[in-house]
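With the sequences and hints as input, model every part of the structure.
Chains as they are written, first to last, in our numbering: chain A, 11 to 345; chain B, 11 to 345.
No lab work stands behind these hints: they were computed from the structure.
Among the clues, some could well be false.
Repeated chains share a single entry, so a pair holds when one copy, or any two copies, can fit it.
What the hints assert, rightly or not - Capping the alpha-carbon separation at 25 Å, the derived lysine to any residue pairs in SDA-like fashion look like this: (1) Lys-267 / Ala-238; (2) Lys-267 / Ile-76; (3) Lys-267 / Gln-221; (4) Lys-156 / Glu-199; (5) Lys-267 / Thr-242; (6) Lys-267 / Thr-279; (7) Lys-41 / Leu-123; (8) Lys-41 / Ser-91; (9) Lys-156 / Gly-227; (10) Lys-41 / Met-11; (11) Lys-179 / Asn-209; (12) Lys-179 / Leu-307; (13) Lys-13 / Glu-344; (14) Lys-179 / Met-300; (15) Lys-156 / Met-288; (16) Lys-267 / Tyr-210; (17) Lys-267 / Asp-217.
Protein chains: 2
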Amino acid sequence: MNKRVLLARYPSGLPVEADFVLDEVPVPEPKDGEFLIRNLYFSLDAGFRQWMREGAGDNYLAAMQIGDPVMSLTLGRVERSRHPDFSEGTLVLGRHAWETFTLTDASDFTAPLEVDPEVPLHLYLGTLGPTGLTAYFGLLDIGQPKAGETVVVSAAGGAVGSIAGQIAKALGCRTVGLTSSDDKAAWLEAEVGYDIGINYNAADGLDAALQRACPEGVDIYFDNVGGAILDTTLTHLRQNARVVLCGMVADYHDADKPYGITHLWQAITKRATLKGFMYTDEVARYPEAMARMRGWLDAGAIRTFDEIHEGIETTPAAFCGLFTGANRGKAIIEL
Amino acid sequence: MNKRVLLARYPSGLPVEADFVLDEVPVPEPKDGEFLIRNLYFSLDAGFRQWMREGAGDNYLAAMQIGDPVMSLTLGRVERSRHPDFSEGTLVLGRHAWETFTLTDASDFTAPLEVDPEVPLHLYLGTLGPTGLTAYFGLLDIGQPKAGETVVVSAAGGAVGSIAGQIAKALGCRTVGLTSSDDKAAWLEAEVGYDIGINYNAADGLDAALQRACPEGVDIYFDNVGGAILDTTLTHLRQNARVVLCGMVADYHDADKPYGITHLWQAITKRATLKGFMYTDEVARYPEAMARMRGWLDAGAIRTFDEIHEGIETTPAAFCGLFTGANRGKAIIEL
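Rendered as structure tokens:
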């Protein structure tokens, strides 16, 4: 049978497990031009929350539909094929869905995946996959880090943040990670290698903490959250600062009452650049990026923090954990 | 006597004439290392409003002080000098104040000015001065306009906006100007040369007007106002759009309750760049910029829209007019 996780309803505010429902249907059979993928891993990405909303269709992808399997990046292997380009046994990475089997004609984003057998397969969804590529292109292309600069990362212990912070450190930057608890702030320093971990929920507030951690100001802010944390950090930018607009998780679950950014004028006097991006625009440079990430991994300059959940039934709870601060590193479902 | 316009109190909201007061004091005498400038023109710039506020000192310049002559860009001629680098008769441009005579040791921003006698002198405060340089560097360096692209300019009939729109047009762009009345929108099209003038106060709203004027989206947004107009325009950006953050006049007079920008996430999916700047960072390129501006002026590709007010007594009313929509082009006081 094909086990699936369907969208039961559009989440209101933070996603909860009851927004999703499991079902089972027969495994479909490929027709001419189609092939069947047996999914091995799901990538859990907070950013997908933004398409769990009515009328989200103006935002890069169409809104997800109630009753459909939930859209997700997945890694799988071709099980049966009637498609000329995808033979049985081929590993594929794609924007598919939370289901054990996916039938496709490759008209969605689906790409064959070449792997090094010495590398754990799930790394190709994380550090050596979309997550790592996002951190790499965002930090290097927009951030343009120079040794000695101060780099602040929000959601610093999350999938992209934990990699971005480590790349910045490998390049000789001073790194400051923002996270949601004292525990995680200590973990950022002890395990992920940040010079300073800040709990933005601490009583004395993010503003004071940034003042202490970055008395000379922030050269690069790698922003995964938007909202009030972005707004506060804008007031700590240094001259010619770069702000990497990577994600705005703060807005995803509150589209009706989004936070209003009031300090954008700081970008004028600080001559700052804010830039959004999508790693998928840089397909031609994936080999360069993956080779460099692999080099850092092999040298021990970057560690992978993967949080692997076993079984499709764990998917809703693990996904909801991305929004509550429970998650550390890259959340992956192993089937 | 030295006639001066003093800051009587910090404006509350929009500046009004009663925020300023005229006085007369004896003309000061230069000591060693000082020189006396007879001011010929004041440049009126909405941006200076942001320093008419208590505690504005973290914002590039110190706050103005109650009872002091109001800070302003001025153009004048050295009347008496005991400074080795500024001989009598030299024309100077500087960040001085609304007064007929300025005594300085050149420790503020003060630079000798070389002029072409065939050009009206006041153009060196406007199209061939700070205003033109701001439009030039903002549009060319950040906007990077290409022929055929759609360029939207806010405060499109103002000093910087009217020049930015004309440069964009000279470079083959489609230009859309945003302004505050039907009259000015018609004037933008008939006189300033915009392809489309939009009154953002019209009943059907800016959103609908931008949808009609830019169905394919906005490649470059040259923003002089910030606030709600910036926020709405963010939702009309095209892929890889550039947003020139030049001024946020909407925030200057309401610092206690600034407008919150809610659509910054658009920069992610649109891969947009937002960048602030100051023309004064590009001193080395002034000759290049002035030569090119002069070429466009001589060729008739750019017209200067200067609004010249006669006499220091007219300064408060003319300055306040920058905020009410009364102003067209570059407002200058001629002494």
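Each hint tested on the structure:
1. Taking CA atoms no more than 25 Å apart as the test, Lys-267 paired with Ala-238 passes in both settings, with 13 Å inside one copy and 15 Å between copies.
2. In this assembly of identical chains, Lys-267 and Ile-76 lie within 25 Å of each other by CA distance solely inside one copy; the values are 23 Å within and 40 Å between copies.
3. Taking the shortest Cα distances, Lys-267 and Gln-221 sit within 25 Å of each other only across copies (23 Å), while inside one copy they are farther apart (29 Å).
4. In this homomeric assembly, Lys-156 and Glu-199 come within 25 Å of each other (Cα to Cα) only inside a single copy, at 21 Å, whereas the closest approach across copies is 46 Å.
5. In the homo-oligomer, the alpha carbons of Lys-267 and Thr-242 lie at most 25 Å apart both inside one protomer (18 Å) and across protomers (16 Å), since each shortest distance falls under that limit.
6. Within a single copy, Lys-267 and Thr-279 get their C-alpha atoms only as close as 29 Å, which misses the 25 Å cut-off; across copies the closest is 20 Å, which meets it.
7. In this assembly of identical chains, the alpha carbons of Lys-41 and Leu-123 lie at most 25 Å apart only when taken from the same copy (23 Å versus 77 Å across copies).
8. For the identical chains of this complex, Lys-41 and Ser-91 are intra-copy neighbours only, at 9 Å inside a copy versus 91 Å across copies, given an alpha-carbon limit of 25 Å.
9. In the homo-oligomer, the alpha carbons of Lys-156 and Gly-227 lie at most 25 Å apart inside one protomer (15 Å), although the nearest pairing across protomers, at 35 Å, exceeds that limit.
10. Taking CA atoms no more than 25 Å apart as the test, Lys-41 paired with Met-11 passes inside one copy only; the shortest distance there is 18 Å, against 94 Å between copies.
11. Taking the shortest alpha-carbon separations for Lys-179 and Asn-209, only the intra-copy value of 20 Å comes in at or below 25 Å, while the best inter-copy value is 50 Å.
12. For the identical chains of this complex, Lys-179 and Leu-307 are intra-copy neighbours only, at 13 Å inside a copy versus 51 Å across copies, given an alpha-carbon limit of 25 Å.
13. In the homo-oligomer, the alpha carbons of Lys-13 and Glu-344 lie at most 25 Å apart inside one protomer (13 Å), although the nearest pairing across protomers, at 79 Å, exceeds that limit.
14. When the C-alpha separation of Lys-179 and Met-300 is checked against a cutoff of 25 Å, the pair qualifies only within one copy, where the shortest distance is 18 Å, while the shortest distance between copies is 43 Å.
15. Both within a single protomer and between protomers do Lys-156 and Met-288 lie at most 25 Å apart by alpha-carbon distance, with minima of 22 Å and 23 Å respectively.
16. Proximity of Lys-267 and Tyr-210 under a CA criterion of 25 Å is satisfied in both settings, with 21 Å inside one chain copy and 24 Å between copies.
17. In this assembly of identical chains, Lys-267 and Asp-217 lie within 25 Å of each other by CA distance both inside one copy and across copies; the values are 23 Å within and 19 Å between.
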